[in-house]
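Undergrad: Chains as they are written, first to last, in the numbering used here: chain V, 23 to 328; chain R, 746 to 1000.
Do not take every clue at face value.
[To be verified] Using 25 Å as the maximum straight-line C-alpha spacing, the simulated DMTMM-like pairs for lysine to aspartate or glutamate come out as follows:
#1 Lys307(V) to Glu826(R)
#2 Lys953(R) to Asp311(V)
#3 Lys953(R) to Glu826(R)
#4 Lys287(V) to Glu154(V)
#5 Lys796(R) to Glu915(R)
#6 Lys825(R) to Asp311(V)
#7 Lys307(V) to Glu318(V)
#8 Lys796(R) to Glu888(R)
#9 Lys307(V) to Asp133(V)
#10 Lys796(R) to Asp948(R)
#11 Lys825(R) to Glu154(V)
#12 Lys953(R) to Asp864(R)
#13 Lys825(R) to Asp133(V)
#14 Lys825(R) to Asp803(R)
#15 Lys953(R) to Glu888(R)
In case anyone wonders, no lab produced these hints; they're calculated from the structure.
No experiment lies behind these values; they were computed from the predicted model shown.
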Amino acid sequence: MQIYLPIAEVSVNAFLLLGLGGIVGILSGMFGVGGGFLMTPLLFFIGIPPAVAVATEANQIVASSFSGVLAHLKRKTVDLKMGTVLLIGGLIGAAIGVVLFNYLKAQGQVDLLVKLCYVVFLGVVGGLMFIESLRAIRRSRKPGGGVPVRRKHGLVHALPFKMKFRVSGLYISVIPPLLVGLSVGILAAIMGVGGGFIMVPAMIYLLGMPTKVVIGTSLFQIIFVTAFTTLLHATTNFTVDIVLAVLLLVGGVIGAQIGTRIGVKMKAESLRILLAMMVLAVCGKLALDLLLTPSELYSLGASGGH
Amino acid sequence: MIRLFAILIAFLLPAMAAAQSEEIVLGLSRDEVAITATFNGSDVLIFGAVKRDAPLPDGGPLEVIITLAGPSEPVTVRRKERVVGIWANTDAVEVDEAPSFYAVATSAPMPAVLRDIEDLRHAISIPRVIRSVGAPDTVANAETFTEALIRIRAGAGLYQVLEGGIDVEEETLFRGQISLPAALTEGDYVARIFITRDGLVVDSYETKIAVYKAGLERWLYDTSRNQPLLYGLMSLAIAIAAGWLASAAFRVFQR
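Chain R on its own, in the form it takes in the complex (with noise of 0.2 Å):
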């Protein structure tokens, strides 16, 4: 399907005559994911290809990088310290944003790809997505804090870097895939597409994966947010009537 794509920009090419010399041509494997009861995590494939009005041009290969965002969120986070023998949290940094979730996949390690200038302007890296204003001055070796949030949320699959994972073919088709974890936010994840030659940027294009909660689990979150009263009492109801029916079932399993 993916050829077949290509073929079409293939023949669609002479017709066009673009601003820049490359661009980008994107498909989704899945625009929206729906997170209901038995949601175990999701993968969204991500392929497409680049379309040149102008033979090769100089220079090293095309390399693609396509990172994908969850919404951002201020994140406090906190330091334990021994205190009168026991660890307690003291110093904490407020993140000013941080993604619930972000990948960036590259076509090759992350240096050739991409220069450290257009890390900076297009905030790709992970460290670069992070906005930290600044921490009081209280607290010593404040970008500690930001490494453990990264470091943590790596660790619960929440920040992924997958040097590698792109397959590119022949300078044009390309094509990714990225695993979203059970441990989902709901929210637009925007997922972001930029093809580079000698680290510098070529063109870039954006796109948003919906991701929501649906059926039952919509219903819940929403009644627990907009009428907590009415939710609190019918969780009350069902455990009531749970252990009434417990004991009712094992008065009859006994006689």
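Here chain V stands alone, though its shape is the one from the complex (with noise of 0.2 Å):
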């Protein structure tokens, strides 16, 4: 079934929209990931203009953020204190984010900075995911080498305006926290993604939390930031597409809930494994875009600077 899009302008076939919006859903439950470093992408892949697919998606990830963090409210896996805290960086990366995206919007370099983001984000994020979770798993395989290694106090034990955190079982500066919402803010807002596959490792890696409550927190604080990129797209670029994002987060809110009983029943490591292996995907597919020759070398665009 056909279906035009009023905002993107286009005709598309409403199932495959809906698919697209579940499968990403069950990935974004099972990960605590928005889901939007895959959605993008393939969005771009069936032919929605790029400035639209990256405001809409903001809105879809919403949806199936907010069906997300309902589920890990309930088993009580949300740090919101934390989450609170990262939010207060997110939304100014946010704003920094939108208009650093309308200014290369003008200037034609958009679609490369966002592949770019994608490639530098997605190799680093998941090669680091990728080896320390084999290692972790090589660690539980091994009799009687359970044991966690004590954490070091590193950086985010030195610095001032230290916070507890109960939930995290953290004692630790809230700066750290302020800086990774703040980066991940500016993400959301370029690459149309909530933030999750950099805010996830940050979490365990940077600042030290239980990977138990890290989904959760980074849900409920993708929710607010995702919210705010929608309403500043909306209301300066005009590029939110409502029924693209409605039949997108009808299957995505049905796969979040699918995914989040999934993901419980899954071993961390072996999450995080997966996790950073369909990152490294993403990455290599649009790293060899960029480098091979591509079949059409010139692009339209509205005209610029209006």
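Could you use the hints to bring the two separately framed chains together as a complex?
TA: Have a look at this one:
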């Protein structure tokens, strides 16, 4: 069934969108990532204009994250205090990101920036996570070797403005979470992603939060940052396509519920290694696009600078 | 119906004394196209007859050209180049006027129906329709940008050349069909009909087809432009409601 999207001004198959939403939703629930880093490139691929894809995806992430966070709240795996600190950074970052996005759109470089961001961040995060998870799995396989290494007292403990995060069992400075939130906010606006794929590892490795609360907390933060991003895109670029969003999120919210339940049943290490492999696969695909000679060297854009 | 139309014209012919020896009388299958949620392209049938107050003139056969053009707007064409190993947009050329949709249908191959001089005067073929004042001096091979624009839009079905797409009967009746793709921009679409002999335009006729979003599509589009904040909040409300509903539905389902 073809459906005409009023803002994107293209006609697409409704079931294709529902299906995409569902698959990405499952992954989103399993890994606590918004799924935007998969969905946005997929939307480019089916012919949605990039600006519309980025803005609409932000709106869809709100829905799938909200659905996911409710499941986590019930299980009390959300650190609201940490989430709020991350959120403050995130909102500032999102505002910076939208300004940057609009500037680069006028320069005709937004596609390149988005893709470069994907390649760099997905590559680094995916690679680190993959190595770390492999090590963790090897450790847990050794008989009697399951004792976790005691965390080192690093920079996060040396900085001022310390705060107690009871749910996470941490007593650290608020500066690192603020910075993590800020950078994720910028990325959320530019890449049309919630930023979970960066925030989750950052929370585990930089802030030292326990994996159990990381997913719920990142979803909590993502809801607000992407909601803010949606509003900014809707009011400055008019690129949020509500019909597209509804189709994606119907599939997405259902998928997220299923995914959350699958995620609970899986071991943290195997979850992480799966996420790492997926992140690396997307990264590889995008890197090839940038490196290989494209079949069409020219591209069309609306007249810039207006 | 077309025949009836033609017979009618034949009866009226003696009574009318036109300034030109041959004139176009036109019919359209539709003069508006409403884009609704399930819009999936549309066909426009353009038909008509040639009215004449003298016997068939000498010279080549009568040929017909029909063009249909969407609203024009400036377009930026960008070219990728390898910069430090990766492909990035470098040069850009601003094309001043390019129709969002353009179809040209003819009754015979283009060179046989239209001379270049007439093409230049009436802007009929695709390259003539696109207006580009010129690229900045820094850009090499500027004409390749216009070619790329045509190539990309033709690939998307937005620019069509339908040579032989018009049937002409008895040098009097003609009919042609143009398919509008699903991805359509709204606005006034201008249909032009030319009749030619020996590649020279004998008469032309112009009419408009209104293409507009209707119903829910119209309302959503207007709201997103006129009340963006409200539209944004509405998007969020829907998102949150959907997220909550799914979660609630699954809780019930699990019990």
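Undergrad: All hints are to be evaluated individually against the structure, with a verdict given for each.
TA: Here is how each hint holds up against the structure:
1. Between the alpha carbons of Lys307(V) and Glu826(R) the distance comes to roughly 19 Å, so the proposed pair stays at or under 25 Å and holds.
2. For a cut-off of 25 Å, the pair hint linking Lys953(R) to Asp311(V) is broken: about 42 Å separates their Cα positions.
3. Proposed proximity of Lys953(R) and Glu826(R) is contradicted: the alpha carbons are some 41 Å apart, above 25 Å.
4. Restraint check: the Cα-Cα separation between Lys287(V) and Glu154(V) comes to about 21 Å, which is no more than 25 Å; the hinted pair holds.
5. For the hint linking Lys796(R) to Glu915(R), the alpha-carbon distance of about 12 Å falls within 25 Å, and the restraint holds.
6. Of the pairs offered as hints, the one joining Lys825(R) and Asp311(V) holds, with about 12 Å between alpha carbons and a cut-off of 25 Å not exceeded.
7. With a C-alpha separation of about 17 Å, the suggested pairing of Lys307(V) with Glu318(V) holds against the 25 Å cut-off.
8. The straight-line distance between the Cα atoms of Lys796(R) and Glu888(R) is roughly 41 Å, outside the 25 Å bound, and the hint therefore fails.
9. Of the supplied pair hints, the one linking Lys307(V) and Asp133(V) holds, its CA atoms being roughly 15 Å apart against a limit of 25 Å.
10. A hinted pair counts as satisfied when its Cα atoms are at most 25 Å apart, and Lys796(R) with Asp948(R) qualifies at roughly 11 Å.
11. Using a Cα cut-off of 25 Å, the hinted pair Lys825(R) and Glu154(V) is violated, with the two alpha carbons roughly 38 Å apart.
12. With a C-alpha separation of about 21 Å, the suggested pair Lys953(R) and Asp864(R) falls inside the 25 Å cut-off, and the hint holds.
13. The straight-line distance between the Cα atoms of Lys825(R) and Asp133(V) is roughly 11 Å, inside the 25 Å bound, and the hint therefore holds.
14. Between Lys825(R) and Asp803(R) the CA atoms are separated by roughly 53 Å; this puts the pair beyond 25 Å, and the hint is violated.
15. Among the hinted pairs, Lys953(R) with Glu888(R) is inconsistent with the structure: their alpha-carbon atoms are about 31 Å apart, more than 25 Å.
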